[in-house]
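Full structure from sequences and hints, please.
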Amino acid sequence: MTSASAGRDWTLADVPPPPRTASAVADPPWVRGLLIGVALLFLGLFLLLPLVTVFGQAFSKGIGVYLDAITDPMALAAMRLTLLVAAISVPVNAVFGVAAAWAIAKFEFRGKSLLITAIDLPFAVSPVVSGLIFVLLFGAQGLLGPWLTLHGVKIIFAIPGIVIATTFITFPFVAHELIPLMQEQGTEEEEAAVSLGASGFQIFRRVTLPNISLGLLYGIVLLNARAMGEFGAVSVVSGHIRGQTNTMPLHVEILYNEYQGAAAFAVASLLALLAVVTLVVKRVLEWRMGRASRAL
Amino acid sequence: MGLLRTKRSVLPGFGLTLGFSVAYLCLLILIPLAGLFVKSASLTAAEFLAAVGSPRALAAYRLSFGASFAAAAANAVFGLVVAWVLVRYRFPGRGALDALVDLPFALPTAVAGITLTTLLAKNGWLGRYLEPFGIPVAYTPLGITIALIFIGLPFVVRTVQPVLQDLEPELEEAAASLGANRFETFRRVLFPTLWPALVTGFALAFARSLGEYGSVVFISGNMPMKTEIAPLLIVTQLEQYEYGAATAIAAVLLVLSFAMLLGINALQRYGTRRFAGAGEEPA
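In order, the protein sequences belong to chains A and B.
The numbering of the first sequence is numbering that gives the first Met the number 0, which starts it at 0 and goes up by one.
The numbering of the second sequence is numbering that gives the first Met the number 0, which starts it at 0 and goes up by one.
Computed, partial: chain A to chain B, Cβ under 10 Å:
#1 Val-53
#2 Phe-108
#3 Ala-117
#4 Ala-274
To list a few chain A residues with every Cβ distance to chain B over 10 Å, as calculated:
#5 Asp-67
#6 Leu-75
#7 Thr-148
#8 Ile-158
Calculated cross-link-like contacts (lysine to aspartate or glutamate; reagent style EDC-like; alpha-carbon spacing at most 20 Å):
#9 A:Lys-60 - A:Asp-71
#10 B:Lys-6 - A:Glu-183
#11 B:Lys-121 - A:Glu-257
#12 B:Lys-6 - A:Glu-107
#13 A:Lys-111 - A:Glu-183
#14 B:Lys-6 - A:Glu-188
#15 A:Lys-153 - B:Glu-238
#16 B:Lys-6 - A:Glu-190
#17 A:Lys-60 - A:Glu-257
#18 B:Lys-6 - A:Glu-187
By construction, these hints were calculated from the structure, which means they are not laboratory data.
For each residue, glycine too, the CB sits at the ideal point set by N, CA and C.
Below you can see the structure in the form of structure tokens.
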């Protein structure tokens, strides 16, 4: 101020810029502080605290109880069954997802939007109802029950029922992920491959698959997490036979109801670890694909 | 398959992929779902009404609806705040927090159920502080609502977040230059753009909560007429070999879910159209 009034030995470049108008579209500090506080408190109480609790409870009776719980023969049987169920339902639904996305994204046909809606149906069905429909079909009193009994095939209260119910629940994941992705990518690259004489399989392997690999992986990761963690549908069809038809989530339930809290949380901590790994991989894939997180 | 095609394409595999997809969809999804309606059609009208209209079933529907609505409403409010904070502000740990929002999708519901029950029980880490105030949470409708808030948490955040991210800052600058304060800008410029996403997120959370079982069954205490949600009543009826009653209650739940799915699809189309329309305006 003094120098300015004294000799005007300044140029316009010396004048400090006026405060950025950003303040006009930025929230006042107290609003900012309040909102961050509310968000942190909400997420802390509803997400972080439960996550910490799982591990806290798992080790509450010491590492010995923890190791006993996760190496118990029944727990190991539950883990094997959970892995088996995922090993079937994940590839089957991944193949379906790719096939459905190919038909829907690369071709124009009547009834397409109806098909897209139908694929999402299992997302809207309660897990309990998802289990019930297979009991009504394959159970002893079910539509196919008498025929199955006659031929000695057991589906409900047996492993096939668990696999079928899990496959139903996780049916849309890969298709839901790939359809918008492949629609966005269009058909030009594949058409170029056709004009160069590539066969259908070559086009898929050399052109389409590299383009969709991250999206496919993303869908598979979410599908796998759901397949390994499904509880409601599996609970209805499993019959809870220990060592035979108990998946990990069902094993957690049994231990918890028997007041073996630390053991229940020990097995639950493995599932929580799977959830954390899923979130990390999901985030890395989103970052690689350059897009924001979104709901299913 | 050729009859279905509306546009010629040189790409191969249409018949194979569509045929496989539709066959698999019918076998695994549509036929089993249809089986539920066939089974409920085999009940007489009186049996059906007795099952879905019994006081116990009505209490279960009421509780499922009430708790799901309250949980979705809480998620709408807090989800909006969380989405706003994650998009607009930069602070340490933001990235980790953002990733954590999806935890309810990834954590098996049974694990969520036993954890929330343990936290909120009388002697739990949280429950012990609520008990002296006369707020029992575990084994009450409040506990059910809290479990449903957990389950529905990601939906509102993840539907509102992308809309907030794509908002043009010019809109807010224009509002500010016309003399609006921040609250007026939010109310008259931002909120009208955000509400379709907010309602979609609410509806997704509500629909998910309505059918939720795993996270609720532990915390609810499962007392008929008091803390028994509709999916739990279905399981109880099944365990007592009341297949007819279970089917009837499930059919009602399924019809409601489908209605919600159609409503949500319509909402999402409306939101996209609105949003696309705003973006296409001449610069």
